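Trainee: For reference, the chains in residue letters:
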Amino acid sequence: MTLIEGHRPLTPDPSIPVLDIDPYSDEILLDPAPYHAALRDAGPLVYIPRYSVLAVGRYDETRKTFSDHENFVSSRGIGLNDFKLEKPWRPPSIILEVDPPDHTKTRKVMSKALSPKIVRTLMNDFTAAAEVLVDRLLEKSEIEGVVDLAEAFPTTVFPAAVGMKDVNARHLVDYGAIVFNAVGPDNDLRRRAMERAPEVGGWITAACARDRLTDDGLGALVYSAADAGEISHEEAAMLVRSFLSAGVDTTVTGIGNALWCLSQNPDQWEVLKANTLLIRPCFEEVLRYTSPVHTFLRTANLDAEIAGYPVPEGAKIMCALGAANMDPAKWHDPEAFRVDRKPVGHMAFGAGIHGCVGQNIARGELEAVLSVMARKVARIEPAGEAVWRPNNAIHALDRLPLKLIPN
Amino acid sequence: MINVTYIQPDGSETTVTAQPGDSVMQTALNNNIDGIIAECGGSMACATCHVYVEGEWADQTGARMDGEEDMLDCAMSEMKDTSRLSCQIKLTEALDGLRVHIPEEQA
Ligand code: HEM
Ligand code: FES
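Respectively, the protein sequence lines represent chains A and B.
1 is the number of the first residue of the first sequence in the UniProt record's numbering; add one for each residue after it.
1 is the number of the first residue of the second sequence in the UniProt record's numbering; add one for each residue after it.
It is worth saying that the hints were derived from the structure and are not from the lab.
Each hint should be verified, as a subset may be incorrect.
What the hints assert, rightly or not - Which stretches of chain A does chain B cover? Using the computed rule of at least three CB atoms under 8 Å from a CB of chain B, they are: (1) 73-82; (2) 234-245; (3) 315-324; (4) 339-349.
Stated by the list, open to error - Cβ-Cβ distance ranges computed for the label pairs, FRET-style: (5) A:Ala307 to B:Arg64: 38 to 48 Å; (6) A:Gly384 to B:Thr92: 33 to 43 Å; (7) A:Ser15 to B:Glu104: 30 to 40 Å; (8) B:Met76 to A:Pro382: 47 to 57 Å; (9) A:Arg120 to B:Thr14: 26 to 36 Å; (10) A:Asp303 to B:Met76: 17 to 27 Å; (11) A:Lys84 to B:Asp66: 21 to 31 Å; (12) B:Ser12 to A:Thr276: 20 to 30 Å; (13) A:Ala206 to B:Met76: 48 to 58 Å.
Model, not experiment: these values are computed from the prediction.
Note that the Cβ used here is the ideal one computed from N, Cα and C, for glycine as well.
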């Protein structure tokens with residue numbers, strides 16, 4: 001059998017609406033909103049012939065499919081490749097790309113290492129680092145928000161929290177981008193990522209070794225679970241790798257997207273400055289509004305159904321989290337960015353058993369940055385056009401010229 | 001019909017009607033009950049949906065889920081024997097009349 005993008009070709013039920021587009025084209029990745037609307041409008045389940053996949057983008061079906069780990073598994077890959085049929089480009093993640101009961105064991109170790117309690121102990125460091133960074137940026141007449149702030153902050157605080165002795169900020173950001181481009185089709189983005197994978201991946205693997213970590217960081221917590229016999233030492237190294245794949249580029253994107261939202265909506269920045277209780281809800285709205293992870297996939301492990309349509313075993317289903325987060329059937333006036341919306345139930349961190357295990361860290365980082373900025377920055381003004389950077393799973397900025405006006 | 005009563009730390013009570021299958025957390029959000037924040041939306045990752053289940057209802061709401069205890073241990077208010085994450089309690093007809101107390105501090 002000839003595979004399409006590493007999965008079995010699908011003959012869809014003829015009643016399933018067809019959307020004849022390439023969701024991984026640069027045009028759509030740069031500006032996904034029209035595609036997301038078309039996906040929701042076409043139906044609750046859609047067939048995309050270009051990649052021989054099914055897709056969901058309405059809130060209810062996206063949430064249901066993405067969190068139904070019994071029918072729609074992660075162990076066959078959360079990209080277009082079916083790991084059952086084709087060898088993955090790297091050893092699969094032992095948390096993201098596995099199902100219960102394997103998942104249950106590693107998830108427990110990770111959720112302890114990244115718990116709200118642990119994050120509280122990191123907040124002083126996060127806030128201190130944000131103070132230093134924001135003070136420095138306020139001295140400049142203009143900043144490039146992506147490099148100067150969005151990348152600078154997580155690459156300072158996160159390796160320190162993990163306890164990494166070796167820090168290469170470029171590799172840390174790029175590894176995430178590589179991992180996320182890898183879940184897409186065999187397009188230019190993925191090919192370029194695969195070219196860089198040996199170098200960056202090699203550095204990452206080396207940096208996860210126990211002797212490259214301090215004995216008081218998040219990495220050490222994971223290795224101590226291995227000492228306690230909960231997981232093996234090899235598994236501990238793999239879980240530290242998961243911190244680095246999933247924990248840097250995502251928060252870089254979260255901060256960049258937050259700066260973009262707040263620079264585009266100065267009235268909302270005023271609201272936030274006037275009421276700092278809205279800082280955490282503001283980040284939730286940034287997540288809903290910009291969906292840093294725009295799409296991941298699932299694989300039907302059995303003959304199943306979605307919205308009454310048959311979904312055969314082996315089918316890949318694209319779950320457009322970005323479309324669900326803008327579904328007018330779920331969100332009142334979804335196109336409005338409102339820091340007081342409190343969009344509980346958004347899909348930006350996923351849902352169900354794989355729901356982002358690092359979300360407390362992400363919220364802690366954003367709370368630190370936004371609360372320091374709310375104290376010190378009067379206005380965040382655009383200083384040129386914001387440019388997005390296409391990625392097969394991440395909706396992130398490439399450039400964000402800004403002026404920060406001090407209080 | 002399934003009625004659930006939420007009791008605030010100051011003793012004030014609100015009784016609302018729930019949809020079967022919804023969680024105690026979702027029902028609170030649907031009805032704007034103060035003190036249930038549910039930042040993670042029910043992924044058992046935030047402990048901001050902590051409640052104390054009243055008296056004999058603890059038998060009806062059943063045992064804590066796998067991993068729930070670790071998360072409750074992160075809650076801002078003290079974990080007691082009756083502590084649950086309200087996102088992990090699914091409502092059924094058998095829980096009609098359920099009473100839960102909201103802790104002093106949630107986040
Ligand atoms: C704004 C920042 C972030 C976003 C938008 C985000 C998004 C997501 C999403 C959508 C998932 C679900 C994947 C799925 O179900 O297939 C996920 C899972 C995961 N995230 Fe995050 N994430 C962020 C930050 C972080 C951080 C800081 C870390 C690490 C410290 C992290 C580690 C993980 C891990 C290990 C998983 C897999 C969990 C599992 O499969 O049980 N993430 N994330
Ligand atoms: S809603 Fe986050 S743990 Fe219940």
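Trainee: When the hints from earlier in the document are held up against this structure, which numbers fail?
Mentor: Hints 1, 2, 3, 5, 6, 7, 8, 10 and 13 are the ones this structure does not satisfy, whereas the remaining hints hold.
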